[in-house]
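Q: Here are the chains, one letter per residue:
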Amino acid sequence: MMDFSLSILMASVVSGAAPLVFATLGETFTERVGIINLSLDGTILLSAMVSFAVAYETQNLMCGFLAGGIVGALVATIVAFTSLFWGLSQVAVGFVLTLMCKDLAYFLGNSYTRIQGPQLSHLPLPFLEKIPVIGNILFQHNIMVYLSYACIIATWFYFYRTNWGLKLRSIGENPRAAYTRGFSVRKIQFGYTILGGFLVGIAGALYSLSVKPGWGRPQGAEGIGWIALAIVIFGGWDPLKVAFGAYFFGFLQIMGVVFQSWWPSIPAQVFQVAPFPLMIFILVLIHLSRRKAVNEWLEAHPLLRPLVRFLQVNPPASLGKTYHKE
Amino acid sequence: MGHELKKRLFAVASRWFVTFSIVILLTTLLLLATGTPPLEAYLLLIKGSLGSWNKIARVLQVWIPLTLCSCGLLYTFSMKLWNIGIEGQVMLGAVGATAMLKWLSPYFAPSLCLIAAFVFAMFLGALWALFAGILKTKGGVNEIFAGLGLNFVAQGLILWLIFGPWKRPGIASMSGTEPFDYSLWLPTLQSLRISPIALAITVILFIATVIIHKYTRWGLFFRAVGNNPTAGTLFGLSPQRYTLLAMSLAGIMAGCAGYFQVTGVYHRLIPSISSNYGYLSLLVVMLANYKWKPIPFIAFFFGCLNVGSIQLPLILKIDSSLSGVIQGICVLAFLCAYRWRLRNKG
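Keeping their order, the protein sequence lines are chains A and B.
Under our numbering, the first sequence has 128 at position 128, and the numbering climbs by one with no breaks.
Under our numbering, the second sequence has 1118 at position 118, and the numbering climbs by one with no breaks.
Treat the hints with care, since some could be wrong.
[Said to hold, decoys possible] Computed cross-link-like contacts, DSSO-like style, restricted to lysine-lysine with a CA-CA straight-line distance of at most 27 Å:
(1) B:Lys1317 x A:Lys212
(2) B:Lys1138 x A:Lys292
(3) B:Lys1291 x B:Lys1006
(4) B:Lys1317 x B:Lys1055
(5) A:Lys321 x B:Lys1291
(6) B:Lys1080 x A:Lys321
(7) A:Lys321 x B:Lys1138
(8) B:Lys1080 x B:Lys1293
(9) B:Lys1317 x B:Lys1047
Hint data in this document are derived by calculation from the structure and do not stem from the laboratory.
Just need the whole structure built from these sequences, with the hints factored in.
A: And the structure:
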């Protein structure tokens, strides 16, 4: 591993993080409108299985991705429907769905275990791939990776530059005020939760059709859903920061592989868990950065200020609290 | 009074009837969709779990950790805490038990080692839970993420131990550490693989949990602080202290479950020592509607599903994860049925 080149490393971070980008952006939509979809881990696995099965049966990758997205949307529908219209706890339903979808994926996917199926091929972008360094890192991937870039920019633009985005954010912050302005809060929350679920489903499809091609038990994407949920917090529910978090985690994963080749006696699983304590550490930092004493200390250390400002975030005020009109 | 009781019984019965109808309907549809004869699958689940004393003993083997973890979760749920980290707490209990047995067995009598292991397992379980609790109270990390992160760390720790310091002489493999000497196994009933000691301790801890919840000041405080942290503060009850207390009690229970997994079931440390019982017990408690009464029965039912499903891949060529799907549908259907009744009432 001594001869690994930086651009290859960065390129694998970019392609490895693509599903995480979709999943985290999807969850950002959901949480920004005030709903927590905790079922991500199960959803990703179930949609990975379904999209692989569909792509295998139809020999059509588009159908596979569509199926994965639809599965994600369906699971999100259960979360949204039971919480918005039946008043069930979002956390409870999400958690049950996490476990159930995972088992459902193993159960239904049994006959698709360890078989060769279609997978996304590379599609280097003409001209752009010729750009030195950046071309290698960003423009020699499959189409879904390029779509993930587009998704980041589009989500940011949607949130902060359109009226719909403003509406979305206002509902997440204060559904009551939004309701008095005449917005149909529940319908909008329902819609964005489904959209978020669709993106999470796409993430699952990307795992089984590109990043970890094929299906099996374990598939290799277990635990990713939880990571995605943590990244959304880390990124402060802001699309750009969330995407940065996804790439950062992708980097940690790749570094795990690199480190493992340096210390081969330590099992791979140990490196795979390394990002989790780091995530916790960062979440603690985020919390501490809100303390008054820390802020006073920062006045004396202007160089550190941007870093802490980056970490200082507040969740959407109505997150997880189902709004009932009076 | 009699009329009132009848009404309540009817309500409970109708809720369970609706739940099980939905479960049977959905599971049957699922089985038909995969081309499996549903009746055969159900019979296999029943025969595979209750068909012989040996199988019932195995169900009880699952019942023990499920009941213990569920008891632990009663404390944290009464404080409105989502202790997903219970899975890792079971693992740390198992690590603690293994460590004591490994370190002490050359020097002390087996019974002494077993007792030391019991205490240390509960200690480590509680410690792991306290980490999550402190992260929640002092670090502002939601207990779901703190617990979950610690679960993954615990899994990494177990793998490192199995492949590193505690590896089998010669080879390190996923099959776990070297099995303990027979003298360090909890004694079992003849020919059945179930330890009466484990069973007895579980029952005692269950009763203790019920007593703490119903009759002690602690139980009252848990509910008071859990229901309204600000009111609790007004009465001089610190939410933080009770959060940590509830977490450590849950950790003790989980650590105990881990201890029985090592000394009563596997007799060594294996990578999947917790067997997802922590996560599963979250479902048990949800299905029990966060009350203690139904817990032993639901844990037994879930145990039956887990043990019965082991035969599915061999005979019907379907994945054993069917049990997990049924358990999930149970909880979802119950939540909906419960809500439905509340709505109709209100």
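Q: State for each hint whether it applies.
A: Here is what the structure says about each hint:
no., hint, in the structure
1, B:Lys1317 x A:Lys212, "holds (25 Å)"
2, B:Lys1138 x A:Lys292, "holds (15 Å)"
3, B:Lys1291 x B:Lys1006, "holds (20 Å)"
4, B:Lys1317 x B:Lys1055, "holds (21 Å)"
5, A:Lys321 x B:Lys1291, "holds (24 Å)"
6, B:Lys1080 x A:Lys321, "holds (15 Å)"
7, A:Lys321 x B:Lys1138, "holds (23 Å)"
8, B:Lys1080 x B:Lys1293, "holds (19 Å)"
9, B:Lys1317 x B:Lys1047, "holds (17 Å)"
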